Amino acid sequence: MNLTLHVWRQAGPDAPGKMVRYEANDISPDMSFLEMLDVVNERLTAEGETPIAFDHDCREGICGACGLMINGIAHGPEKGTATCQLHMRSFSDGAAIYIEPWRARAFPVIRDLAVDRSSLDRIIQAGGFITAATGGSQDANAILVPKENVDDAMDSAACIGCGACAAACPNASASLFTAAKITHLGLLPQGQPERYRRALSMVGRMDLEGFGSCTLHGECQEACPKEISIDTITRMNRDFLRASVTGGRE
Amino acid sequence: MTVKLDAKMPTGALAQKWDKHRFEMKLVNPANKRKYSIIIVGSGLAGGAAAATLSELGYDVKCFCFQDSPRRAHSIAAQGGINAAKNYQNDGDSIYRLFYDTIKGGDFRAREGNVYRLAQLSVNIIDQCVAQGVPFAREYGGLLANRSFGGAQVSRTFYARGQTGQQLLLGAYQALERQVARGGVKMFPRTEMLDLVVIDGRARGIITRDLVTGAIESHVADAVVLGTGGYGNVFFLSTNAQGTNATAIWRAYKRGAAFANPCFTQIHPTCIPVSGEYQSKLTLMSESLRNDGRVWVPIKAGDKRAAADIPETDRDYFLERKYPSFGNLAPRDIASRNAKEVCDEGRGVGESGLGVYLDFSDAIKRLGADVIRERYGNLFEMYQRITDENPYQVPMRIYPAVHYTMGGLWVDYNLMSNVDGLHVIGEANFSDHGAYRLGASALMQGLADGYFILPNTLGHYLASNKLDKVDDSHPAFREARTAVDERTNRFLSINGKRTVASFHRELGKVVWDYCGMSRNEAGLRLALEKIPQLRAEFWRDVNVPGSAAELNQALERAGRVADFMELAELMCIDALHRTESCGGHFREESQTPEGEALRDDANFTYAAAWEFAGEGKAPVLNREPLLFENVKLSQRSYK
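The listed protein sequences derive, respectively, from chains A and B. The numbers in the working numbering rise by one with no breaks, and the one at position 37 of the first sequence is 37. The numbers in the working numbering rise by one with no breaks, and the one at position 560 of the second sequence is 560.
Note that these hints are calculated values from the structure, not bench results. Small disclaimer: the values here were computed from a predicted structure and weren't measured. Keep in mind that a hint or two might mislead.
Unchecked claim - Chain B side only, calculated, beta carbon under 8 Å to chain A, not exhaustive:
#1 THR53
#2 GLN128
#3 ALA131
#4 TYR140
#5 LEU144
#6 SER148
#7 GLY201
#8 VAL212
#9 ALA215
#10 SER218
#11 GLY243
#12 TYR278
#13 GLY459
Backbone N, C-alpha and C fix where the C-beta goes; we use that ideal spot for every residue, glycine too.
Construct the complete structure from the given sequences, taking the supplied hints into account.
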């Protein structure tokens with residue numbers, strides 16, 4: 001396949017950026033999207049140009065490091081697929097492909113296609129955990145959890161923290177990311193003691209980081225590589241509302 | 001000079017060693033813990049769990065990872081599960097049985113005391129993870145579910161769908177972020193350790209590079225912990241993440257830490273085959289597929305007919321033929337070697353000829369497509385996504401790939417290397433898996449080290465040693481920083497013709513061909529000629545674009561590949577010296593008449609810990625004899 005790429009190039013956080021055109025020739029349809037970029041980078045290096053910077057690591061859709069806007073769609077055209085698992089057979093020969101970094105105020109560009117997503121870590125720091133210091137726990141089977149609850153919790157816990165939800169959202173809201181964690185922990189008995197203060201604190205942190213508000217566009221669940229449902233956001237809003245009234249106390 | 005390898009194994013009965021040791025270890029006064037600073041490199045199951053736990057105890061912790069967030073450590077990719085001797089299924093499991101299975105699985109090349117402690121702690125791990133909210137699979141009654149995994153005869157594996165590693169890592173990550181918020185851990189993401197600083201024989205700090213700004217920084221501490229994972233990426237193609245590397249442990253080796261059993265690597269039989277030169281990684285397919293799939297190749301070499309056109313009479317179900325009692329469930333190393341063997345005979349399938357069929361048509365006929373979909377639906381989808389072939393209609397193609405490295409830095413019972421103060425945890429050390437790791441035991445080891453062992457033993461080190469105050473103006477820090485700067489500048493000034501990736505790919509092929517699934521003397525000697533030649537060419541002709549003072553992914557990779565170039569040689573030296581076969585190390589010269597791995601217990605019942613002797617000099621071999629007081633060494637048989 002022969003493709004024309006238009007790639008966002010930006011030398012640093014404060015440097016101006018622009019779209020640059022590259023030809024990608026002799027691309028195999030069996031390549032992953034990132035392998036296609038590897039090939040382009042090999043050529044750029046050989047020609048003495050600066051290769052395109054992008055984040056990636058596991059290349060099997062679980063670490064959450066990769067994430068590109070591909071033709072304006074977070075993670076590209078295939079549903080439930082992270083950028084690293086997207087293959088070139090999803091594009092037609094001769095296609096023009098526009099590749100941009102995540103766009104959100106809370107995700108400043110570091111270089112080219114790599115952005116700073118430490119805001120997501122700070123949302124977790126605000127309460128995305130169960131306080132259980134090592135060593136003091138009871139026997140695992142002393143806590144009974146209905147299978148349905150743990151299955152639903154797992155659906156939300158599958159979040160890989162890639163940030164596609166915020167990148168896809170017209171408001172650049174990280175509600176799906178935040179709600180996934182609130183739902184995972186809130187569905188389990190272990191998560192109950194901190195449930196309301198967690199909602200209050202994590203949502204507060206999300207606002208502070210510069211993410212927008214959720215207006216239920218639903219773009220996030222379309223973009224999510226793990227297909228997490230926006231039902232989780234409803235749950236988050238309910239917990240948050242209740243916590244706002246009670247001041248986080250149960 | 002040879003290093004002294006004292007395992008510091010507590011005396012007494014196997015089952016009492018850890019308890020006794022915990023009592024005998026010195027404690028740090030709670031009020032004094034915050035005065036001790038600890039550096040932890042790596043944020044995976046071992047490093048992340050250790051950082052969180054040490055901070056909970058009150059220590060002042062700095063944690064480093066090269067990824068943009070600690071949640072991305074490669075532990076996250078583990079699929080299958082985690083073993084624990086809970087015996088919840090009442091099927092005869094016990095701590096002793098898990099210990100025995102693990103030591104036997106490691107082909108009797110691990111320490112009894114370490115492995116027993118691992119089995120003991122396995123039960124605490126599950127309790128801890130459930131308390132954190134890890135959503136392990138459950139039965140309708142609300143109790144935890146288990147499955148049998150990796151050929152074990154008991155159901156002791158806990159799992160969270162096919163994402164057990166992810167869920168365990170997120171549990172550790174969340175505990176870690178709680179400590180970051182509290183101020184007990186300072187996190188340094190996008191930061192790579194480039195050297196270890198040793199002062200008066202003790203590890204006292206590290207030199208790092210900020211991967212965004214390029215700044216080289218010194219970090220001082222009272223102890224250094226490496227939880228930096230394995231070195232499987234030396235093979236270029238592996239199931240490891242792209243960034244996983246050996247730089248931290250290799251730099252530590254060059255500062256005096258012994259590297260044990262570097263040739264012990266694990267090859268996983270069920271991965272999706274390579275499809276082209278551009279390929280950057282191999283994807284693992286859970287080996288549970290072998291429960292229902294039948295492995296075969298054509299009988300005749302060069303038979304290029306489509307699978308459906310090859311009649312039963314022209315097929316060779318080679319695992320069923322050679323191992324009638326285990327069949328397609330033969331252990332990982334045996335399944336892998338046999339696949340390679342039939343491909344070497346020209347009977348491999350697929351375009352490259354490097355693949356064997358894993359055929360579900362009989363299972364679909366017997367059970368129906370719906371049952372198969374229920375069992376393996378997500379795996380079939382993943383396979384189709386990557387290969388564009390529908391495994392419900394055509395057989396899967398699989399081929400072995402490098403998955404895990406059992407070798408690593410030598411550590412004693414306290415997880416401390418032979419360099420005082422330098423502790424090594426998780427896959428980065430050599431301690432518990434011997435010559436072969438059983439399924440669902442990597443997660444167990446990482447968490448046992450991080451949550452339960454290191455937080456105890458590190459306190460003992462700090463309490464028993466008087467550490468002088470040092471700061472980063474010490475000559476050792478200055479020397480290490482200068483060395484890092486010089487090396488960086490050297491990469492950037494070569495301006496050669498070949499990319500880093502092309503060298504990495506070529507190195508990987510040499511290691512795979514001669515120090516992969518099976519090894520022999522002639523091949524290893526050849527590799528030991530080729531690797532130094534390739535390394536010389538690398539330093540002469542590599543092209544690293546850009547500068548040091550910016551985000552420069554080519555520069556990052558150059559440093560990692562340069563270290564792989566040296567480590568690969570040590571792997572081959574180790575493989576050449578160990579003339580026996582054991583576990584994942586198959587020396588063709590040492591096999592039974594049936595072609596199985598043949599150990600040489602009289603001569604090789606030891607851990608081989610290699611010591612750096614200087615640039616251009618042969619490494620020095622130190623032997624730590626392995627004593628078996630509780631189990632009887634036996635030969636594996638899967639006929």
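These are the hints, each one checked on the structure:
At its closest, the beta carbon of THR53 of chain B sits 4 Å from a beta carbon of chain A; the interface hint therefore holds under the 8 Å criterion. For GLN128 of chain B, the interface hint holds, since its Cβ comes within 8 Å of a Cβ in chain A; the closest pair sits about 5 Å apart. Checking ALA131 of chain B against chain A: minimum C-beta separation of about 4 Å stays under 8 Å; hint holds. Below 8 Å, beta-carbon pairs count as interface contacts, and TYR140 of chain B has one with chain A at about 5 Å; its hint therefore holds.
With a cut of 8 Å, the hint placing LEU144 of chain B at the interface with chain A holds, because the nearest CB-to-CB distance is about 6 Å. About 18 Å separates the beta-carbon of SER148 of chain B from the nearest beta-carbon of chain A, more than 8 Å, and the hint is not met. With 8 Å as the threshold, the beta carbon of GLY201 of chain B stays out of range of chain A, its nearest partner Cβ sitting at about 31 Å, so the hint is violated. This hint holds: VAL212 of chain B has a C-beta 6 Å from the nearest C-beta of chain A, less than the 8 Å allowed.
The interface hint given for ALA215 of chain B is violated, since its Cβ lies 14 Å from the closest Cβ of chain A, which is over the 8 Å cut-off. Checking SER218 of chain B against chain A by beta carbon gives a least distance of about 23 Å; that is not within 8 Å, so the hint is violated. Annotation: GLY243 of chain B was flagged as interfacial toward chain A, and the flag holds, the nearest CB pair being 5 Å apart, inside 8 Å. Against a cut-off of 8 Å between C-beta atoms, the interface hint on TYR278 of chain B holds, since the closest Cβ of chain A lies about 5 Å away.
Here the hint on GLY459 of chain B is broken, as its CB sits about 13 Å from the closest CB of chain A, past 8 Å.
Of the hints listed earlier, those the structure fails to meet are numbers 6, 7, 9, 10, 13, in rising order.
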